[in-house]
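Engineer: Residue strings, one per chain:
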Amino acid sequence: MNTRQAFQFRGEAAEYFRIWIVNLFLTIISLGVYSAWAKVRNKQYFYGNTMVAGNAFEYSADPIIILKGRLLVVAVLSSFSLVASYYPLLDLFYSPLILLILPWLVLRGLMFNARYSSYRNLYFAFVGRVRSTYMLILVLGMLTPLLILVGGYFLVIPLFEDSLSEGVMQMIWLLLALGGVAFLLFVWWVLFNYYLQRYYVNHSHYGRLSFAMMASLKQFFVFFSIGILGFLIALMLFLSFNFSSGINKLIADSMLAYTITTVSIMLLYLRAYLKVRVFNQVWNMTRLMDQVDQPPTQLMSFHVELKVNALFFVYLTNIIASALSLGLLIPWAKVRLARYQINRMTLLLHGDLDRIIADEKMKVGSFGGEMGDLLDINIGL
Amino acid sequence: MIKIPANYFDGHSALAIKAELRLQENGECQLLWDDVQYNFVWTEAELSPALGKTARILRLPNGAKCEISDLMVLARMEAQQQAKQKSRGLLYWVNQMESRWHFIVITVVLVIGLAFGMVGYGLPALSKSVALALPISIDQRLSEGAAGLIEGELFKPSELPLERQQAIATEFIRIINQLNDEHSFSLIFRKGLAANAFAFPSGIILVTDDLVNLAQTDAEVVGVLLHEAGHVVNRHGLRLLLQSSAVTLLVTAITGDFSASTGFIAALPMLLLKKGYSRDLEREADDFVLEYMKAQGLSTQPFADMLQRISQNHEHTDSIWQYTSSHPATDERISRLRQVVP
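As given, the protein sequences belong to chains W and V, one line each in that order.
Residues 1 to 381 (our numbering) make up the first sequence, in order.
Residues 1 to 342 (our numbering) make up the second sequence, in order.
Think of the hints as simulated: they come from the structure by calculation, not from any bench.
Where hints are given, some of them may not hold.
[As the list claims (entries may be wrong)] A few chain W residues that face chain V, going by a derived Cβ cut-off under 10 Å, partial list only:
1. Gly11
2. Leu24
3. Arg120
4. Leu143
This structure is a prediction, so every number in the text was calculated from the model and none was measured.
Beta carbons: idealized from backbone N, C-alpha and C, even for Gly.
Turn these sequences into a full structure, and let the hints guide you.
Structural biologist: Take a look at the structure:
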């Protein structure tokens with residue numbers, strides 16, 4: 001038995017504008033204290049307007065807990081920098097320390113967000129391990145690109161210390177080294193994106209169901225290669241068309257704005273392309289499995305159909321409107337982006353929605369009181 | 001008795017049950033579906049705050065939830081039971097604000113006003129008091145790149161006669177000693193970058209040969225040096241840094257999850273703000289010169305003449321962009337200085 005249920009976003013720009021501006025106002029006059037309530041209200045608006053199979057999602061975090069978390073973060077950070085300003089040596093450890101606790105904060109943030117998200121009174125959960133989080137964010141996310149850059153640096157530097165007589169060979173080696181570093185960074189970029197998505201999806205649960213991402217790494221390589229090649233070709237074309245007037249003219253005052261704008265638009269198109277391909281691929285290849293059944297049964301999957309040009313148009317008009325209105329059209333921009341994305345998603349049910357049951361050991365409260373509850377941090381997914 | 005349809009979720013499965021909620025005058029509630037009836041008291045259940053047209057959630061004492069979409073009838077229920085509630089709660093008033101257009105208009109005006117006030121006055125005042133409270137050693141650290149810049153390819157050694165350099169330096173040192181400031185000042189002559197003078201936060205002041213040559217008297221050069229010293233004494237380097245990081249933080253907080261495109265949106269207003277800030281700081285450094293001259297009973301005329309000459313000089317050399325942006329400000333600065341000429 002298969003049924004299709006379309007997702008629907010019911011938010012309206014004018015309505016959200018009023019919520020947004022009141023949030024902003026109260027946050028300013030309370031010197032930031034209200035920001036915790038603003039965050040919850042904001043999230044509740046988008047969750048509460050996202051409907052599927054006749055019901056909305058719910059976000060039920062307690063603003064007081066978020067406020068405590070924010071105060072804690074501010075207190076820790078400011079005491080750190082205060083101590084560091086008196087003992088300059090500690091300054092050296094300050095930034096690495098923040099980087100070191102970042103993966104833990106990300107994990108806690110994901111757990112927090114999932115724990116207070118529900119649909120039909122069944123809660124989501126994020127069950128990530130500390131070890132795999134550190135492997136992903138610290139080792140793959142931060143140390144690997146650093147290693148590539150440092151390695152590339154030590155590969156290139158000796159070239160300049162050699163005698164300058166072998167000019168041509170030196171240039172060839174330099175280009176090879178730079179090309180190698182660029183290639184390694186590209187491979188790293190794709191790997192990191194893939195494993196980040198997989199980490200996020202594969203550790204998510206809804207009730208007793210667990211999410212499983214079936215998208216392949218190969219697909220990611222194809223999309224990212226097409227995206228970056230397309231961008232580079234467009235950039236080359238743009239430069240060669242304008243090259244007749246000379247590169248100097250190109251970076252001169254009058255041309256600078258034109259060049260920056262064109263390249264920014266190309267980058268935005270690249271962003272829309274990658275977002276659409278990754279989003280479609282990840283969601284279309286995600287299954288919700290009941291692991292308790294033997295063998296595990298597949299209960300839900302998704303059908304998502306974002307279009308590159310349409311999303312690019314939404315991005316571009318959102319940015320222009322937000323900038324020209326000095327930010328006052330940001331609510332309108334957020335609503336239409338959400339509407340575009342959510343309205344193009346469909347839930348495929350391979351069984352009875354009513355059959356999904358709660359995981360009794362994962363109910364809210366069993367984690368309650370942990371320090372992690374205090375923190376809410378979003379990573380861009 | 002008020003009746004309302006509700007979606008009942010028991011919390012154990014994703015089953016949605018169409019039910020009917022009945023609220024009696026005395027606060028007793030019955031939830032009915034099929035042939036089941038669940039009883040509870042209104043004050044024991046928790047109703048989520050109203051938010052736009054989204055359905056509201058009634059959290060029942062047994063952990064189950066009801067999703068209610070008929071907001072009008074629900075509001076009648078709330079009103080009926082209001083006497084029994086302790087208070088309306090903060091979010092009730094927030095929702096009242098959100099629902100009334102005249103409140104929204106006032107809020108928009110206030111937010112715009114507060115944003116301008118904060119960016120225009122609040123942040124500069126805040127960063128000033130923070131900067132003045134921080135130790136001078138920070139200025140040193142901000143100037144760590146100074147040596148590399150001065151000895152770099154931008155400048156060549158000065159070609160001014162040694163006597164001229166010494167005469168200006170002697171006068172500069174005499175004035176600096178009167179200032180009684182904690183910074184350790186030093187004066188450096190270099191050739192390059194047209195007629196210009198720069199101050200590094202630590203107290204290093206660099207003046208170019210072209211500027212000295214443009215001046216008709218040493219008093220004119222000293223006026224410019226004093227202006228640069230004003231930047232140092234008033235911690236302008238640190239303040240500009242604090243201000244622009246605060247603005248970045250603010251813009252990020254407001255634009256929120258726009259992440260990648262934030263840079264694009266924020267770039268233009270940020271550029272304008274920075275221009276405005278540095279204009280204010282120029283004015284403050286001019287005031288520093290004015291006050292010194294006034295205290296010493298000296299004329300501000302030479303400094304004003306010098307500014308005029310520098311700006312005319314730049315008109316010949318600089319591009320159209322810089323001309324349009326800095327010209328009116330320079331005129332304004334000169335006329336301010338002229339007004340107080342004794």
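Engineer: Work down the list of hints and note, for each, if the structure agrees.
Structural biologist: Now for the hints, and whether the structure bears them out:
no., hint, in the structure
1, Gly11, "8 Å, holds"
2, Leu24, "6 Å, holds"
3, Arg120, "5 Å, holds"
4, Leu143, "23 Å, violated"
When the structure is compared with the earlier hints, a violation turns up for hint 4 alone.
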